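Quick one: dock chain against chain with the hints and give me the complex.
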Amino acid sequence: MNVSEKVLEDILNKYPTKVKRNRKKHILIRDPDQDRQEIEANTRSIPGVVTNRGCAFAGCKGVVLGPLKDIVNIVHGPVGCGYYSWLTRRNKARTDQPNKNFLAYCVSTDMQESDIVFGGEKKLARLIDEVVEILKPNAITISATCPVGLIGDDIQAVARAARTKHDLNITAYSCEGYKGVSQSAGHHIANNGLMEKIVGEGEMEEPPGKYTINILGEYNIGGDGWELERVLTDIGYHIQAVMTGNGSYEKLKNAHVAQLNLVQCHRSINYIADMLQVKYGTPWLKVNFIGIRSTVESLRNIAKYFGDESLTARTEKVIERELAEIEPQLEPYRKICSGKTAFCFVGGSRGHHYQGLYEELGVTTVLAGYEFAHRDDYEGRRVLPHLKPDADSKNIPELHITPDENRYRLKISPQRLQALKQEIPLNYYKGMIEDMNEGTIIVDDLNHYETEEFIKALKPDIFSSSIKDKYITQKMGIPSKQLHNYDYSGPYAGFRGAVNFARDVAMCFATPTLNYITPPWKGKPLLEGAVGPRSSDPGIKEE
Amino acid sequence: MPASESQTATYRSINSNPCSMCMPMGGILPFKGIEDAMVIIHGSQGCSTYMRRHIAEHFNEPIDVGSSSLNEKGTIYGGAQNLFHALDNIRKVYQPRLIGILTSCLAETIGDDVEGIARDYLKQRRPEGVSLVAVPTPGYGGAHSEGYWMAVKSMVSHLALPTKNHGGVNIIAPNLSPADIREIKRILSLVDLRYTLLPDISDTLDRPIARTYTKIPPGGTSIEAIRRMPGATATIQFGLTVEEKLSPGCYLQSEFGVPLYNLPIPMGIEATDMFVSLLMELSGSSSVPQTLAMERGRLLDCMVDAHKYSAQGSAAVFGEPELVLAVTRTCAENGLYPAVLATGSKSNELEQLLSPIIAECPQKVHFLEETDFVRIRKACRESGANIAIGHSDGKYLTEKEGLPLVRLGFPIHDRVGGQRLLSTGYAGTTIFLDRVVNTILEKRHNDYRAAMYRKFYRKIREETALHGEVR
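Top to bottom, those sequences are chains A and B.
The letter at position 499 of the first sequence is residue 705 when you use our numbering, and the numbering goes up by one with no holes.
The letter at position 224 of the second sequence is residue 241 when you use our numbering, and the numbering goes up by one with no holes.
Okay, chain B solo, but in the shape it has when bound (with noise of 0.2 Å):
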């Protein structure tokens, strides 16, 4: 990659500052997008309740997650009794129709096989309408967004059923907010076209204050319709850089031949194209709904606007792969370069893929995987970066290297409203570069004078000085 520097967390053993969490972390946020559905974490219970803490504090909501308990007496003997506790408690209380079953790092080291004790639940306790979905997430074996893939491929390939062509599409999701399904789901609804998103947490993970309080809150994808996914005609996935073993779609294409269209995350004008184009072309239909038209050109006109402000923004974009290569489009769309590329995953696709935008940038991208904040803010500052683009712990940048940052992805726990981010479809990407060329603005207003002083002012007062001394 001509660009380029790339380095890797080989270089040193020390993870300072993560821009990552673990794999079961990642796991629990599709079961949330899920009808009817709970999930466990098999393993200690502070794994549960470490990861219910921080997702409850992005979405603002209740987020529940069982755990199996383990303790010394499980690991040494094993944690299948405690499983088979906790999923009837789980089945009393909650009555889901589905259970996760997400392991841990204590689980997969002791060698529980997880697959195993399910199907050994489902023999002996025979629950009817009951659901179970295995998911080996240990916390070593990747990042959050690896357990999140990891966690709908298992909720596809447990559930789906050979089922004759119904003429529908699959859509699967990765890790956005609330906001930005409820966005493409509008886009489906203005196209004639009958759809599985899996998995939508649009109503799950961002519930309407509403009378009588339900455990498990209302929406998310059905059961049924996860189970018919191998009769659409073809499968949508925002997964460019998901691995082949970890792709849903994949797994539908290989095992049901439902043809998968890999898309990036419907967000910038060139990828909402393609979805559209996508859509309009598996519709059948001639003609863009007016209303997207409208949007599109509304976008356009919004970028013709920020252009001159976007130009002189210098982006460190960091969080999940696949968020980072679709902000990094669609900022360079505007004329807005990266100067930093970042991400805590360690994703083969990601550098491939930038390499595009990396090649046209008119300055020098560092591009760092599986890295942590340390190495990105020394990035930074070796590339002159001057806006953020990410999740909330990129709030160091700001706070050590004086670098805005535009709040987005995953998590948001300095904010309030992590769960309202909007950003994709033409009228998302619109809001969103609102937002980050008046980022650019606020900052260039505040520094104005201190700029202009250094600029002026003190380049004098130095020469006056310097004039001083040689005399």
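Bound-form chain A, shown alone (with noise of 0.2 Å):
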């Protein structure tokens, strides 16, 4: 039995025994000697087991549509769901409309218990005049919380009369909070009714760029997207419609142009990616401008895709220009990091993307996983077709997608995208799993108690998570970075991002701060007097 194997059992002994047998599966021993390692995902949390998962509603409203900022995002229900999503993942958009951007408006039914009797239907419909009045919005969205289909709510058709009515985009998504296992049943809730309702939507035919792309799952956090936007726009891309960070109702209504889909957050929007494919017949690729030899290698093959020789000239030149920019820059911060060990659990993708950049500055994960990932986030799409539906996926509906009668062009030759596949990731993701060192941990909704024990069981010199976990590992002395909202910090994407990373990390490991854990009197003769020198350890390590 290896370290990890022992470890491993000492903490699932604590648990009941079915609950320990249900936690297994959730949990591997990377082992590159085997050619397929299986990994139990998407399925029910273990009530009181303190998980760090939320609801179809979070992402829905809070992850998907939320970012969208030319739209009203109404929640349908009591007050509470839409303050905590109210700006919760810090998605941040620039408006090019005055009056036109929404965010930091939190807007709600409100339903009191009369509501619950009685329905709520009334209150929404006279909800939804006010705010066309008063905020005119692009577009309005509405989503249900729990309530509401319980007390059967019709907010299809509320939203159906509201559209005719005001002569307005308004969409109805059934997220209640108990659909699904997760959040991740939001996120596909969210894609089809973006899919169905308002992409294509808008009047433009032919791609307004010569290398006209979307890119999809990425949510602008701490600017994220605009480091991408950035590099992207420097080389000549034509960037049409971003879902969903900084993205807009005008500019998703025209998504269908496209002449490629980057696919940065494969878990929370490939529905979306698959979909446009077959309606429109647009490829995607899967792309991480995590890191900095990631996000070369994705700009190598959007590169590839296009294959014209000055755009892979472009490339390179922005290629080089931004490396010796950033490798100066980095030098003393890998100086601090190296040698370093990380726990890297994160919600749908950034637990695998991290990886990378962690270990470009020398920090070796040593456990990671998601909060909410699928099988195929893990060990690759190559899985999906020996995935069964159980009842929980089965509650979300699958839209039937036919390729669009006018709008659907070939963007490149059959041929040529088989050929193409074989060199990038063309509407493939690899998985997590692959790029996992030998004998590193992967767990799959890594919950409260196990984060304490995996951390006191292999002391991790830095912890990344989320911040309703980010304070056991400080009082524990160990420093975190949190890699859902960034401790406010960001962007982390891109070449300048891993600098912004590399800097933040840094500066965890280097303050002097955990160095005063131990009181100078611990294990010294108080009689002595002498003022001994400070321990250098956090206080984790000396137990």
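Quick caveat, the hints were computed from the structure, so don't treat them as lab data.
Keep in mind the model is a prediction, meaning the values are calculated, not measured.
Fair warning: there could be bad hints in the mix.
Distance condition first, Cα-Cα at most 16 Å in a straight line; then the derived EDC-like pairs of lysine to aspartate or glutamate [stated by the list, open to error]:
#1 B/K232 <-> A/E319
#2 A/K371 <-> A/D335
#3 B/K363 <-> A/E319
Label-pair ranges, simulated between beta-carbon atoms [to be verified]:
#4 A/L293 <-> B/A467: 24 to 34 Å
#5 B/R432 <-> A/T223: 42 to 52 Å
#6 B/S302 <-> A/N219: 52 to 62 Å
#7 A/E336 <-> B/N182: 49 to 59 Å
#8 B/S372 <-> A/D596: 54 to 64 Å
#9 B/T415 <-> A/A367: 32 to 42 Å
#10 B/G401 <-> A/E319: 31 to 41 Å
#11 A/K328 <-> B/K417: 55 to 65 Å
#12 B/S302 <-> A/T223: 56 to 66 Å
To list a few chain B residues with every Cβ distance to chain A over 10 Å, as calculated [stated by the list, open to error]:
#13 S33
#14 G156
#15 I286
#16 Q369
We put the beta carbon where it would ideally sit given N, CA and C, even for glycine.
What follows is the structure, encoded as structure tokens:
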């Protein structure tokens, strides 16, 4: 039994037998000798284990719809859920239309007991009238919270009626919190709604630029998207729509004209990427703009897809320039970070993406995982044919998409597509496991108890997760780097983002604060009175 | 009410930028102030995740809240099985002695009888030394402030047992910061009086970094002490705005005959005087501890120093009803009168309690309940308020209306140290007033040149321009 196996056994043994059996399937020790390592994912969390997962509403309104800036996202329900999803993901937006940035607004029907008893449809309809009158948005979405579905409010009908009445794109999302097993269900519901009712609403028939792309699954947390746009625009790409960071209805409705879709967060947006491929013939390319090597690789892959010499040359020139700018800046941080270890547990993509960036700084990821990902995010999309739908996934409708009669365009020939697929991840994501080192631990849906136990056992130098668990490790004397909202820092994507990340991580290691945890009188004979040298180790290691 | 303008949510259907959260959110907080306690939300897991996130951000502390992780199946067949599992697992991993079970929109809408499920659980599992406290907190039932009181009341009604008079005093605290609670405890320690303070978050939600991390932070009100509350000589509750049906103090009075002294939060000179006088009376002591007398004197000194600047303030005070009352009283004592008084809760008592201050105000006061920040912003603009006092969401008043914000209350999510904000007692009030007055001064200094420009220079230019036109 190697170290990891022993650690794992000890941790799981504390659980009741049934829970132990369940959790064991969600945890893997990486063994590169095995061709395929299976992990269980996207199944129900165990009640009471204090999971980090959220709900379908969080995935739909909070993640996918929330960042759309010229849309008013109405929350139909009691006031709490609207409040809790009020700009909490730090998705930034810059408006190009005065008075059309509604990100700072949290609009809720604030249902009361009487609305639950008598129904809230009328209140919702009145509220839409008021929103149209007061805020004049370019579109409106309505997201349902738990009680809405239970009391039978037909938000789809309210949306349809309002759409006719106001001649405005108004869509409803039945993303009640109890649907599915995590926020992942909400991503799917939002993807369906955007695809069915918004993408393709625009009049555009042809791409407005020579190399027109959409960026999917980029939420502009801390300005990540802006850093990508800077580089992509510089190379010569025309970015039609971003889903959904700094995104807008105005751009999104014409997303069908793009020649290529880039997929950054595979988990939250792969549905729409697939559907765009079927309906409009637009292939998607898995990219990763976190980390320098993967940013460079992604840029080269995009250029390869377009296969244009001048574009390739321009890409190389920009890469060279950017590297020359950031390499000297990174050097001092690398010296501080080198040789450290990290836990990397985030959402549905970043748990994978950030490992590369850590590695470039000399930090080894010893444990990684996703909060709400599916098996394909771990094992790669090759596992998709083997996935059986269960009761929970069946509750989320699958749209049946067919090629659009007028707008389907073959973007590249099937032969070239097949040839390119051998070289670049076109319509494919290989998943996290393949990139992980032997003996590292992969945990799906890590909970509060396991976090603490794994930290005690593996003693990482830094813990990367969310605000909910960061204080556990900080209390234990281990620095944390939050990767959901970046501890109010960022951007971390692209070239310049890597420098920000390196600076922030190095700062965690370099801060003198943790050296003071052990008081000078500990373990010293008090009567001698001399002030001993301070310990340089964080407290946890001395136990 | 003569100089006040009352308006409620019924005017509009829209709640835009809310000034309140939901009931279970408030319900979590008091359970975090009980020794060896855990809390579960019976509902979909998003509820507990969202609330953990927000509470953690305020206190900068780990906030463990379990969930029964209800899904579609639970909505059809009821959630009892999930709740049983959740309780089993929480017990195994956390070994709590008390588990609070809060309901959510979902549990209430499907009509789960959580009390009944909890009873069944105890009957079937017979867990030794574990108490369960079920609290009905539907998200649509009220704001977080009501959830807070509902949870405290439920703890008392579940745990309290007939007890012979033990001569101690019950202190029941509203949603204050750990630093505030610590200050109240310090005052109590200066008086010869045994007490039970409920809930006591002073250590649990402001936990020192220390060796050996424990899953449940040490500290909090002990369960035994809560059981013995009916044997107290008196209950002091800082909850003037609390409805009778949510009031733990009223419950102890009506069920066990413990006399209730319902006081305002001991903040400001008058309210702290009331608290200290009552402590003197209850402890039978004739003289106030020297330390407190000195602190009172220093507060007065601070107020005398500050009043010239305070009077230039015109405040927008918002937040939970009890805190709005305390802040408004404190400010008015120093001549800083309110222009806007607002709460996201529905409080039958608040307007009545504020009416003497509103009547004294030199200006018209906008009183808003069940309100949101769009309305508060409008009222600020109309009334010419020049300083805002309340929780972090008031940052919109700064961004949009240029009102400087003195952060106080819950949640503080855009600054560190929400857990350390101290405003109670004579000493805490002094710190609070300094913060308020310095904010007024800072704004004044920053605006000085612009204000002078507007007042004199631009006027001259405009006059010149006007003459030019006439000519």
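* **Unsatisfied constraints (hint numbers, rising)** => Per hint list: 1, 11, 13 and 14 violated.
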